[in-house]
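J.: The residues making up each chain are set out below.
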Amino acid sequence: MGAQKKGATARVSEDPEELARHPLQAILLADSFTTKFRPITLERPKVLLPLANIPMIDYTLAWLESAGVEEVFVFCCAHSKQVIDYLESSDWSSQPNFLVATIESHNSISAGDALRLIYERHVIHGDFVLISGDTVSNMSLTQALQEHKERRKKDANAIMTMVVKQSKPSPITQQSRLGTDELFMAINPDTKQLLCYEDKAEYSKGFISLDKTLIADNPSTVLHNDKQDCYIDICSEEVLSLFTDNFDYQHLRRHFVKGLLVDDIMGYKIFTHEIHSSYAARIDNFRSYDTISKDIIQRWTYPFVPDVLCGNSAIRVERRGTYRASEITLSRSAQIGPFIVIGQGTEIGNDTKISHSVIGEGCTIGSNVTIEGSYIWNNVTIEDGCELRHAIVCDGVTMKSGAVLEPGVVLSFKVVVGQQFVVPAYSMVSLLQQPTQQDSDEELEYADSSSGNVELPSKLNGDITSDLSETRHGPTSELGTGGVGYIWSIFEGGHDEEWRHSVAPIPTDKLAKIMLDKDEDEELLTQDGNVLSPSGELKSDSDANDSEDGDNEGSRDDYVSFEKEVEATFLRAVHENVKVDHVILEVNALRLSYNMASVDCAGAIFYSMMKLAVESPHSSSSELHRNAADVITTWQNLLKSFLHDIDEEIEVILKFEEICLESAKEFSPLFAQILHLLYDKDILEEDAILRWADEKEGADESDKVFVQRAEKFLQWLREAEEEED
Amino acid sequence: MPDTQALVNDFLNQLKKRKIEGSQATAKQTAELLRSVISQTRVPYTNQAGALIDSVKAVGERLIAANPVELAVGNIVRRVLHIIREEDVSLTTAAMAGLNLSAVSDDEDDADRDDRPVLSAAAVAAASRSTLRPPSLQTLLEDVPDSAAVPHTSSSGGDSEGKSKSADKSSRSRKLKHDVIEAVNELIQDINTCHEQIAEQAVEHIHQNEVILTLGSSRTVLEFLCAAKEKKRSFRVFVAEGAPRYQGHLLAKELVARGLQTTLITDSAVFAMISRVNMVIVGAHAVMANGGVIAPVGLNMVALAAQKHAVPFVVLAGSHKLCPLYPHNPEVLLNELRSPSELLDFGEFSDCMDFGSGNGAPLLHVVNPTFDYVPPKLVSLFITDTGGHNPSYMYRLIADYYSADDLVVQRRPTSGN
Numbered sequence: 001m002g003a004q005k006k007g008a009t010a011r012v013s014e015d016p017e018e019l020a021r022h023p024l025q026a027i028l029l030a031d032s033f034t035t036k037f038r039p040i041t042l043e044r045p046k047v048l049l050p051l052a053n054i055p056m057i058d059y060t061l062a063w064l065e066s067a068g069v070e071e072v073f074v075f076c077c078a079h080s081k082q083v084i085d086y087l088e089s090s091d092w093s094s095q096p097n098f099l100v101a102t103i104e105s106h107n108s109i110s111a112g113d114a115l116r117l118i119y120e121r122h123v124i125h126g127d128f129v130l131i132s133g134d135t136v137s138n139m140s141l142t143q144a145l146q147e148h149k150e151r152r153k154k155d156a157n158a159i160m161t162m163v164v165k166q167s168k169p170s171p172i173t174q175q176s177r178l179g180t181d182e183l184f185m186a187i188n189p190d191t192k193q194l195l196c197y198e199d200k201a202e203y204s205k206g207f208i209s210l211d212k213t214l215i216a217d218n219p220s221t222v223l224h225n226d227k228q229d230c231y232i233d234i235c236s237e238e239v240l241s242l243f244t245d246n247f248d249y250q251h252l253r254r255h256f257v258k259g260l261l262v263d264d265i266m267g268y269k270i271f272t273h274e275i276h277s278s279y280a281a282r283i284d285n286f287r288s289y290d291t292i293s294k295d296i297i298q299r300w301t302y303p304f305v306p307d308v309l310c311g312n313s314a315i316r317v318e319r320r321g322t323y324r325a326s327e328i329t330l331s332r333s334a335q336i337g338p339f340i341v342i343g344q345g346t347e348i349g350n351d352t353k354i355s356h357s358v359i360g361e362g363c364t365i366g367s368n369v370t371i372e373g374s375y376i377w378n379n380v381t382i383e384d385g386c387e388l389r390h391a392i393v394c395d396g397v398t399m400k401s402g403a404v405l406e407p408g409v410v411l412s413f414k415v416v417v418g419q420q421f422v423v424p425a426y427s428m429v430s431l432l433q434q435p436t437q438q439d440s441d442e443e444l445e446y447a448d449s450s451s452g453n454v455e456l457p458s459k460l461n462g463d464i465t466s467d468l469s470e471t472r473h474g475p476t477s478e479l480g481t482g483g484v485g486y487i488w489s490i491f492e493g494g495h496d497e498e499w500r501h502s503v504a505p506i507p508t509d510k511l512a513k514i515m516l517d518k519d520e521d522e523e524l525l526t527q528d529g530n531v532l533s534p535s536g537e538l539k540s541d542s543d544a545n546d547s548e549d550g551d552n553e554g555s556r557d558d559y560v561s562f563e564k565e566v567e568a569t570f571l572r573a574v575h576e577n578v579k580v581d582h583v584i585l586e587v588n589a590l591r592l593s594y595n596m597a598s599v600d601c602a603g604a605i606f607y608s609m610m611k612l613a614v615e616s617p618h619s620s621s622s623e624l625h626r627n628a629a630d631v632i633t634t635w636q637n638l639l640k641s642f643l644h645d646i647d648e649e650i651e652v653i654l655k656f657e658e659i660c661l662e663s664a665k666e667f668s669p670l671f672a673q674i675l676h677l678l679y680d681k682d683i684l685e686e687d688a689i690l691r692w693a694d695e696k697e698g699a700d701e702s703d704k705v706f707v708q709r710a711e712k713f714l715q716w717l718r719e720a721e722e723e724e725d
Numbered sequence: 001m002p003d004t005q006a007l008v009n010d011f012l013n014q015l016k017k018r019k020i021e022g023s024q025a026t027a028k029q030t031a032e033l034l035r036s037v038i039s040q041t042r043v044p045y046t047n048q049a050g051a052l053i054d055s056v057k058a059v060g061e062r063l064i065a066a067n068p069v070e071l072a073v074g075n076i077v078r079r080v081l082h083i084i085r086e087e088d089v090s091l092t093t094a095a096m097a098g099l100n101l102s103a104v105s106d107d108e109d110d111a112d113r114d115d116r117p118v119l120s121a122a123a124v125a126a127a128s129r130s131t132l133r134p135p136s137l138q139t140l141l142e143d144v145p146d147s148a149a150v151p152h153t154s155s156s157g158g159d160s161e162g163k164s165k166s167a168d169k170s171s172r173s174r175k176l177k178h179d180v181i182e183a184v185n186e187l188i189q190d191i192n193t194c195h196e197q198i199a200e201q202a203v204e205h206i207h208q209n210e211v212i213l214t215l216g217s218s219r220t221v222l223e224f225l226c227a228a229k230e231k232k233r234s235f236r237v238f239v240a241e242g243a244p245r246y247q248g249h250l251l252a253k254e255l256v257a258r259g260l261q262t263t264l265i266t267d268s269a270v271f272a273m274i275s276r277v278n279m280v281i282v283g284a285h286a287v288m289a290n291g292g293v294i295a296p297v298g299l300n301m302v303a304l305a306a307q308k309h310a311v312p313f314v315v316l317a318g319s320h321k322l323c324p325l326y327p328h329n330p331e332v333l334l335n336e337l338r339s340p341s342e343l344l345d346f347g348e349f350s351d352c353m354d355f356g357s358g359n360g361a362p363l364l365h366v367v368n369p370t371f372d373y374v375p376p377k378l379v380s381l382f383i384t385d386t387g388g389h390n391p392s393y394m395y396r397l398i399a400d401y402y403s404a405d406d407l408v409v410q411r412r413p414t415s416g417n
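Protein chains in written order, with my numbering: chain A, 1 to 725; chain B, 1 to 417.
Quick caveat, the hints were computed from the structure, so don't treat them as lab data. This structure is a prediction, so every number in the text was calculated from the model and none was measured. It is possible that part of the hints are untrue.
[Stated by the list, open to error] Here are the simulated SDA-like pairs of lysine to any residue, each with C-alpha atoms no more than 20 Å apart in a straight line:
(1) B:377 <-> B:253
(2) B:19 <-> A:68
(3) A:168 <-> B:363
(4) B:19 <-> A:223
(5) A:168 <-> B:364
(6) B:19 <-> A:655
(7) B:16 <-> A:571
(8) B:17 <-> A:67
(9) B:17 <-> A:90
(10) B:19 <-> A:593
(11) B:19 <-> A:676
(12) B:19 <-> A:143
(13) A:153 <-> A:190
(14) A:269 <-> A:285
(15) B:16 <-> A:68
(16) B:17 <-> A:212
(17) A:212 <-> A:593
(18) A:168 <-> B:344
(19) B:16 <-> A:139
(20) B:17 <-> A:93
(21) B:19 <-> A:212
(22) B:17 <-> A:98
(23) A:655 <-> A:676
(24) B:17 <-> A:593
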């Protein structure tokens with residue numbers, strides 16, 4: 001009675017109005033839409049994999065519940081049956097004030113598809129938390145939610161709040177802790193608006209590109225490489241409809257977030273919320289599985305730690321981070337080292353040494369076994385004298401006596417390793433054969449979720465096991481005498497990258513290499529800076545230019561092909577009498593697909609117009625001038641729609657200069673006249689022209705040619721201005 | 001009628017998620033929950049006490065398992081079980097007194113047959129206690145029996161039960177439940193008022209111009225100090241901040257708001273300051289049967305410092321904090337390890353938590369225990385709502401509140417089922 005009353009009032013008091021109207025909802029994606037956990041995920045969904053002996057999804061759900069979420073929609077795709085069965089049999093289906101509903105789909109191949117499907121169901125009303133079922137956190141949502149709501153009230157375009165966490169900006173931490181690539185974010189320190197998100201910063205490249213307008217629009221921008229994305233997002237309803245509108249959005253970060261950041265037509269904004277003392281991380285690959293398991297054992301995720309989460313099954317914490325279930329059989333001479341979890345009903349034999357490991361329930365471990373940094377799931381049999389170092393061993397595996405697992409090995413369900421067999425480092429072993437069809441990268445990325453061919457009923461699975469044991473019971477198999485299972489060949493190209501995502505610690509030579517690369521990068525960067533700074537004078541805001549310039553070299557090709565596309569579009573418009581509005585739309589589409597700024601569009605369009613003028617027949621320069629005037633008059637609206645501010649107008653003038661110098665020298669005598677024409681047509685404002693002239697003031701003599709040509713016109717403009725004054 | 005099961009589940013959830021903090025709130029909610037469990041339990045004709053005990057035990061076991069660190073839950077469950085037994089015994093003796101003792105009473109017979117181990121043991125225990133009680137130290141000193149329930153209910157029960165034997169049974173079943181609920185209400189009342197009752201004794205302990213030291217924050221201590229202040233005592237308080245949760249800061253704020261001269265010090269400065277202190281007054285998480293105290297982390301150090309300088313170390317504890325278990329009992333979970341993030345910022349130290357390099361073993365391990373164990377020899381005095389007691393007297397006080405049969409609540413139903 002009292003308890004309930006208290007709970008109810010506490011919940012209401014958090015936000016009396018908002019919460020009374022809409023219960024806080026969450027979408028939990030119970031599918032990662034990647035294949036990083038293969039071959040394990042061929043047989044069991046990732047969210048049900050045990051993390052310190054408790055399925056990952058339990059951590060996520062427990063956190064959602066404690067954070068005040070009242071309705072959770074669990075989106076199941078691959079192995080949806082297993083997830084649904086698990087949820088039904090667990091406590092989660094019978095919680096008061098916490099509704100867990102499942103949404104099943106068999107043909108979603110990405111997070112984007114999932115969100116589109118959820119949108120069609122019309123179950124989300126108001127703000128919701130978007131999270132995937134492999135996220136562990138103990139943060140409090142109250143503040144983040146409140147910030148999100150307040151921002152929404154002020155600005156309806158603030159549709160998403162992304163949770164980030166600081167991590168030490170050591171050169172290798174990102175890689176060695178979570179196995180993810182370095183992540184760069186540009187954040188406005190005052191408003192906390194996210195301006196740029198770059199997770200694929202290549203090591204070889206050593207730099208990232210920023211849009212110049214981004215720096216122009218935001219007085220202060222901080223570029224972070226010490227932020228970790230927690231993959232917890234607070235979203236408004238619009239997010240779902242955005243996914244539906246943009247049917248090509250697949251990946252939450254790569255497509256959606258970057259898409260929103262690039263798209264300045266709609267003006268949607270993403271903000272960040274930084275957490276300090278609380279914990280949040282997502283299990284993305286085997287390395288982060290290892291790291292987060294260790295964080296949990298070290299209790300960073302308190303109260304979501306095994307002894308508290310388990311509740312009644314009584315796991316006790318002992319000294320040096322040892323978690324022991326109540327009923328285990330432990331030999332007196334066994335050495336149970338620091339930081340281990342041992343599940344119920346496990347037996348451990350004489351002189352066995354275990355450290356930094358997680359042992360599941362019902363395992364039988366013989367004598368003289370060495371287990372170090374490994375994850376052993378339920379009902380595993382390890383016979384005498386085995387050695388395991390930094391390996392993952394799934395349910396039902398048998399290791400015959402004397403077998404050895406080298407660092408980074410993953411044994412999938414029910415594999416048998418033969419006597420004295422040494423499984424080489426980083427091998428993946430499964431009862432299922434490696435899927436052979438690998439059409440393209442994209443296919444590979446999402447293949448796991450095309451659940452039809454992947455999902456195997458457990459019965460069939462059993463058959464396979466027996467088949468295998470019959471056929472492969474010969475004296476030697478891939479896994480030694482009496483071994484059952486296939487060693488997967490490592491994907492081509494991934495061969496030297498396998499250590500990145502493995503559970504094993506990074507070998508010292510690789511570590512040294514990363515460090516070295518980093519140093520080189522830094523040197524390279526500083527060199528770049530030195531070389532580029534003198535030539536970077538064209539840009540007005542010099543401090544932002546280093547990276548921009550560096551990028552220019554790389555994206556020069558891009559720009560050329562973009563210009564060609566725009567030209568083709570423009571010519572087609574001229575010949576087929578397409579309406580100006582449509583041309584604008586097409587050019588915008590091109591701009592998005594080539595990731596260009598609107599400055600580039602203006603330049604490209606102007607270039608096409610001038611080219612058209614040159615190419616139409618003319619005999620004298622006056623005729624050329626008439627041609628140009630015709631074109632400009634006809635298409636002035638098109639050009640104007642891409643000239644939003646002065647910088648873009650200057651860009652057009654610069655472009656014109658370039659044309660006169662390079663592609664169409666016929667124009668150079670007409671420079672001043674056409675400039676005047678553009679001014680008359682209100683395409684260029686006098687400010688822009690004067691600014692251009694001012695900028696040219698300090699340039700070389702050769703650069704000043706056109707300023708001198710236009711001197712008369714400039715003079716006239718200045719006088720007009722003074723007269724007005 | 002609210003569904004008891006739902007209430008139990010809700011409460012279990014809150015306990016599990018560590019959402020209820022403080023032993024007083026937990027104790028009160030536990031008692032309220034058990035009251036509704038009792039009122040919802042259907043009582044059979046015979047062996048009503050057994051039925052009530054079973055249902056309370058069933059719920060109690062789950063509550064204790066939900067948060068084994070919060071000993072107040074177990075204490076209250078045991079208190080309620082004790083209340084049921086006492087009420088039952090008093091009714092039975094009253095009934096037997098009402099009938100002629102020569103004939104073997106049906107009631108006694110039924111009860112014996114159905115619930116031989118429990119009831120007979122209880123009866124024996126109660127009998128042995130009641131024979132023990134007259135010379136008990138407390139009764140000798142205070143002249144008034146502490147648990148007034150026994151004589152009171154037996155006299156009132158005697159009136160109604162003497163009439164006829166047939167009416168007796170039905171009325172008894174309602175009577176027992178009614179009495180038990182009454183008694184639980186009293187218990188809730190006790191829990192509610194324990195702060196005031198303890199605070200009332202403040203003037204006897206705090207004298208003019210004294211310097212009091214405390215660590216962390218405890219509501220009992222706050223009320224105690226304020227009560228002394230209200231009685232026009234003027235004294236100074238040193239507050240040790242109580243790292244890593246720094247609840248001492250809050251206490252200092254509260255004390256200043258109530259006009260007390262307060263000095264805030266770091267925990268590590270306690271030893272340096274203790275020579276100027278006249279008395280250490282602290283709260284407790286639980287008081288064990290041997291007089292040992294489970295208290296916020298850092299208190300053992302304070303107690304040792306106090307002993308070194310012969311400063312009295314006084315522990316304030318409401319009676320719901322008295323735990324009938326000894327600290328060496330296997331089911332007592334002495335400590336809870338909280339998140340390291342209270343000590344250090346994860347972001348700053350994430351490179352120390354780097355498992356990818358080296359041999360994969362973390363070199364940094366952060367331990368953040370919640371509690372300390374202060375052995376009884378370091379405690380000078382306990383002040384509970386019934387008065388001041390020596391640590392060596394705790395087991396007697398506990399015998400008044402709990403039945404020996406209930407000490408292991410969680411074991412019996414598991415072995416029974």
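J.: The structure should be examined with respect to each hint, and the outcome stated for every one.
T.: We went through each hint and held it up to the structure:
1. B:377 <-> B:253: Answer violated: residue 377 (chain B) to residue 253 (chain B) is near 32 Å, above 20 Å.
2. B:19 <-> A:68: holds, 12 Å
3. A:168 <-> B:363: OK: residue 168 (chain A) and residue 363 (chain B) at ~16 Å, within 20 Å.
4. B:19 <-> A:223: With Cα atoms ~38 Å apart, residue 19 (chain B) and residue 223 (chain A) exceed 20 Å; violated.
5. A:168 <-> B:364: holds, 15 Å
6. B:19 <-> A:655: violated, 65 Å
7. B:16 <-> A:571: The given pair, whose Cα atoms are some 70 Å apart, is violated under the 20 Å limit.
8. B:17 <-> A:67: Roughly 11 Å separates the two Cα atoms, so the pair holds.
9. B:17 <-> A:90: Between residue 17 (chain B) and residue 90 (chain A) the Cα gap is close to 17 Å, so the pair holds against 20 Å.
10. B:19 <-> A:593: violated, 50 Å
11. B:19 <-> A:676: Distance of about 74 Å is beyond 20 Å: violated.
12. B:19 <-> A:143: holds, 18 Å
13. A:153 <-> A:190: holds, 18 Å
14. A:269 <-> A:285: Roughly 29 Å separates the two Cα atoms, so the pair is violated.
15. B:16 <-> A:68: With a Cα-Cα distance of about 15 Å, the restraint between residue 16 (chain B) and residue 68 (chain A) holds, given a limit of 20 Å.
16. B:17 <-> A:212: Not satisfied, since the Cα-Cα distance of roughly 49 Å exceeds 20 Å.
17. A:212 <-> A:593: holds, 18 Å
18. A:168 <-> B:344: holds, 13 Å
19. B:16 <-> A:139: holds, 17 Å
20. B:17 <-> A:93: holds, 17 Å
21. B:19 <-> A:212: This hinted pair is violated, its Cα atoms lying about 49 Å apart.
22. B:17 <-> A:98: Roughly 14 Å between the alpha carbons, so the hint for residue 17 (chain B) and residue 98 (chain A) holds.
23. A:655 <-> A:676: Distance ~16 Å between residue 655 (chain A) and residue 676 (chain A) Cα, so the pair holds.
24. B:17 <-> A:593: violated, 49 Å
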